[in-house]
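Asks: Please build the complete structure, drawing on both the sequences and the hints.
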Amino acid sequence: MFTELNSILNSTPDSFTKGEFILVSDRQSDASFLIHHFLSFYLRAQCKVCFLGLGQSFSHYCAISQRLGVSLAQAKEKGQLIFLEGLKESLSILIPQEGHTENQAMDFLRDPTVGLRSLYKFVQSSLNSSSSGEDGTEEWGPSVLLVDDISVLLSLGVSARAVLDFSHYCKATVCSQLQGNMVMLVRCDGEDEGDDGDDEGSELLLRGLTHQCSLTLHVQGLPTGYCRDIHGQVEVCWRRRQGDGQHTQKKLFQYKVNDKGASFFARGTSSAVL
Amino acid sequence: MLSELLQGTDTGGFLVIQDSSSCTGRHLLKSFINAALNREENIHVLGFEVSEEELAEGLNTSAPQRLHFHNAYSDPLGWTDHLTFTVHQFCFDELTHLVKQTSQSKPATLVIDSLSWILRHQSPPAVCKTLQQLKRGGAVRAIIGLLHADMHQKGTVGSVCHLTTSVITVAPGMKGDEAVAKITKRSKSGKVMQYEEIFSIKEDLTVIVQSKPSHLEHKQTDPEEQQMDPTAHLTFNLRLSDTERKAKEKLALPFVFSKEKKTALLHSGQGSGRILYEPDANDDYDQEDPDDDLDV
Numbered sequence: 001m002f003t004e005l006n007s008i009l010n011s012t013p014d015s016f017t018k019g020e021f022i023l024v025s026d027r028q029s030d031a032s033f034l035i036h037h038f039l040s041f042y043l044r045a046q047c048k049v050c051f052l053g054l055g056q057s058f059s060h061y062c063a064i065s066q067r068l069g070v071s072l073a074q075a076k077e078k079g080q081l082i083f084l085e086g087l088k089e090s091l092s093i094l095i096p097q098e099g100h101t102e103n104q105a106m107d108f109l110r111d112p113t114v115g116l117r118s119l120y121k122f123v124q125s126s127l128n129s130s131s132s133g134e135d136g137t138e139e140w141g142p143s144v145l146l147v148d149d150i151s152v153l154l155s156l157g158v159s160a161r162a163v164l165d166f167s168h169y170c171k172a173t174v175c176s177q178l179q180g181n182m183v184m185l186v187r188c189d190g191e192d193e194g195d196d197g198d199d200e201g202s203e204l205l206l207r208g209l210t211h212q213c214s215l216t217l218h219v220q221g222l223p224t225g226y227c228r229d230i231h232g233q234v235e236v237c238w239r240r241r242q243g244d245g246q247h248t249q250k251k252l253f254q255y256k257v258n259d260k261g262a263s264f265f266a267r268g269t270s271s272a273v274l
Numbered sequence: 001m002l003s004e005l006l007q008g009t010d011t012g013g014f015l016v017i018q019d020s021s022s023c024t025g026r027h028l029l030k031s032f033i034n035a036a037l038n039r040e041e042n043i044h045v046l047g048f049e050v051s052e053e054e055l056a057e058g059l060n061t062s063a064p065q066r067l068h069f070h071n072a073y074s075d076p077l078g079w080t081d082h083l084t085f086t087v088h089q090f091c092f093d094e095l096t097h098l099v100k101q102t103s104q105s106k107p108a109t110l111v112i113d114s115l116s117w118i119l120r121h122q123s124p125p126a127v128c129k130t131l132q133q134l135k136r137g138g139a140v141r142a143i144i145g146l147l148h149a150d151m152h153q154k155g156t157v158g159s160v161c162h163l164t165t166s167v168i169t170v171a172p173g174m175k176g177d178e179a180v181a182k183i184t185k186r187s188k189s190g191k192v193m194q195y196e197e198i199f200s201i202k203e204d205l206t207v208i209v210q211s212k213p214s215h216l217e218h219k220q221t222d223p224e225e226q227q228m229d230p231t232a233h234l235t236f237n238l239r240l241s242d243t244e245r246k247a248k249e250k251l252a253l254p255f256v257f258s259k260e261k262k263t264a265l266l267h268s269g270q271g272s273g274r275i276l277y278e279p280d281a282n283d284d285y286d287q288e289d290p291d292d293d294l295d296v
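Sequences listed follow chains A and B, in order.
For what it's worth, this note's numbering labels the leading residue of the first sequence as 1, then goes sequentially.
For what it's worth, this note's numbering labels the leading residue of the second sequence as 1, then goes sequentially.
Just so you know, these hints were derived from the structure itself, not from any lab.
Misleading hints may appear alongside valid ones.
[Claimed, not checked] Now the in silico label distances, taken between C-beta atoms and shown as ranges:
| no. | chain 1 | residue 1 | chain 2 | residue 2 | range |
| --- | --- | --- | --- | --- | --- |
| 1 | A | Arg110 | B | Lys175 | 49 to 57 Å |
| 2 | B | Lys175 | A | Ile8 | 18 to 26 Å |
| 3 | A | Val273 | B | Lys259 | 35 to 43 Å |
| 4 | B | Thr102 | A | Thr3 | 31 to 39 Å |
| 5 | A | Lys251 | B | Glu178 | 16 to 24 Å |
| 6 | A | Ser7 | B | Lys175 | 20 to 28 Å |
| 7 | A | Ser59 | B | Thr96 | 55 to 63 Å |
| 8 | B | Ala126 | A | Gln104 | 28 to 36 Å |
| 9 | A | Gln177 | B | Lys100 | 28 to 36 Å |
| 10 | A | Ser129 | B | Pro64 | 30 to 38 Å |
If you're wondering where the values come from, they're calculated on a predicted model, not measured in any experiment.
Every residue, glycine too, gets a C-beta built ideally from N, C-alpha and C.
Replies: Printed below as a string of structure tokens:
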């Protein structure tokens with residue numbers, strides 16, 4: 001959890017806006033440090049978290065979360081964290097073995113044109129089970145869905161259209177029905193795609209998700225090139241009208257990722273410069 | 001022009017609000033809905049993209065029986081078997097049935113949020129056909145649709161906008177609150193007029209139209225929250241006094257090729273150093289003839 005980012009977004013684990021769809025995007029950069037922030041943030045806020053880890057293994061997230069002071073293994077045991085390890089589960093579909101039941105959620109690997117309905121069902125069932133109220137389970141806070149990252153689905157053959165339908169359904173269930181939050185990471189490779197509006201492609205997916213979300217964090221490298229002390233810039237854009245009538249607000253920050261977190265500062269005020 | 005459009009489209013009118021990911025057109029769409037509610041019209045909203053609560057925020061709710069929200073947001077594809085409006089129901093017969101079911105005597109205005117959602121699942125010709133049938137049929141008096149222009153190919157956007165009587169394209173404006181609206185209006189006689197206006201939307205969804213944009217205006221930067229003064233909080237002094245500033249401005253930079261330098265180089269001045277050279281025999285050393293005795 002990065003304290004500076006919390007103050008930028010005006011949220012703390014005790015009080016944050018509910019029903020938000022936060023889109024984290026990057027262009028020729030790596031925004032996954034923000035996913036680690038949100039993961040530790042929501043676990044600390046005692047929320048029930050469903051994490052679709054499509055890009056990395058569970059032990060990767062465990063190791064990084066440990067440095068941020070959160071134990072994923074413990075959260076998983078307590079039932080607070082439901083983790084879909086995409087890399088491992090995909091093997092159950094691609095190389096079926098007797099004795100191992102395949103995970104329905106990754107059904108789209110067999111036939112990408114079918115869409116992500118079964119993945120959505122997985123998300124729905126894992127976040128809805130908290131309302132069953134079994135004995136011995138703790139009362140968790142609002143449900144949260146984290147996806148890292150959703151562009152992987154494009155490379156697996158799923159069309160941008162199907163991914164947008166999936167994110168729509170997740171938003172309808174998680175944000176509107178359960179009044180929880182949703183964070184998705186989408187990555188663009190920044191290539192020029194000529195005439196915009198082509199059916200496939202990460203740019204279309206990014207634009208579609210931007211229309212759906214209420215807060216975007218766009219990570220890019222510095223326009224002037226590589227810098228050892230400043231790793232890039234983050235543009236935060238609030239899309240939904242705030243309660244005090246302010247229109248969509250945009251703020252630009254620069255950041256540096258270090259061992260135990262990341263620091264954010266206004267442009268030109270990095271500690272290496274001043 | 002924007003205010004005139006807000007005051008009510010003619011019967012059979014089809015208005016499309018085009019927006020992009022950098023500037024959302026939903027606030028303008030809500031202003032249109034609010035204006036129609038204030039005129040005591042019946043409105044049917046096909047809500048695909050946002051929930052009813054989010055769309056109803058800020059709308060005039062004094063007469064809820066006039067605003068009919070058809071929930072196409074929770075389950076538009078039939079994945080969870082809720083009995084809500086699905087995208088496959090977007091055809092002339094179903095829509096006429098839907099509107100006639102709940103409407104009173106006056107024909108209603110149909111608001112579609114958004115057309116992009118439908119275009120993602122139905123082919124553009126089918127959508128255009130349905131829209132044209134709705135325009136001609138009597139159940140619906142006017143149609144207002146929201147279209148995300150950056151989500152489709154130019155041809156698709158063009159085909160849908162061809163059916164319209166007016167198109168409003170929303171783009172971000174110079175200042176934070178403002179947006180630029182480019183309006184194309186087709187009148188019944190076939191004449192097409194284009195307008196460009198700057199507008200902003202207040203909290204109660206009224207639209208304020210400012211003067212037309214001037215191309216000579218420089219882009220105004222948003223007032224930053226903190227004005228960072230880099231010369232503050234330092235252990236050394238970086239500020240300049242007035243005399244120091246004047247001296248700094250007078251200083252000629254060393255590598256700037258100014259007129260004075262050019263004349264100084266071309267005409268060497270009097271009293272400047274001159275080089276006098278008298279050839280010395282020892283300087284005449286020839287590599288190929290070191291003893292200077294070859295007869296070449």
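Asks: So, for every hint listed, does it hold in this structure?
Replies: A quick look at each hint next to the structure:
| no. | hint | result |
| --- | --- | --- |
| 1 | A:Arg110 / B:Lys175: 49 to 57 Å | 52 Å, holds |
| 2 | B:Lys175 / A:Ile8: 18 to 26 Å | 22 Å, holds |
| 3 | A:Val273 / B:Lys259: 35 to 43 Å | 38 Å, holds |
| 4 | B:Thr102 / A:Thr3: 31 to 39 Å | 52 Å, violated |
| 5 | A:Lys251 / B:Glu178: 16 to 24 Å | 18 Å, holds |
| 6 | A:Ser7 / B:Lys175: 20 to 28 Å | 26 Å, holds |
| 7 | A:Ser59 / B:Thr96: 55 to 63 Å | 58 Å, holds |
| 8 | B:Ala126 / A:Gln104: 28 to 36 Å | 33 Å, holds |
| 9 | A:Gln177 / B:Lys100: 28 to 36 Å | 30 Å, holds |
| 10 | A:Ser129 / B:Pro64: 30 to 38 Å | 36 Å, holds |
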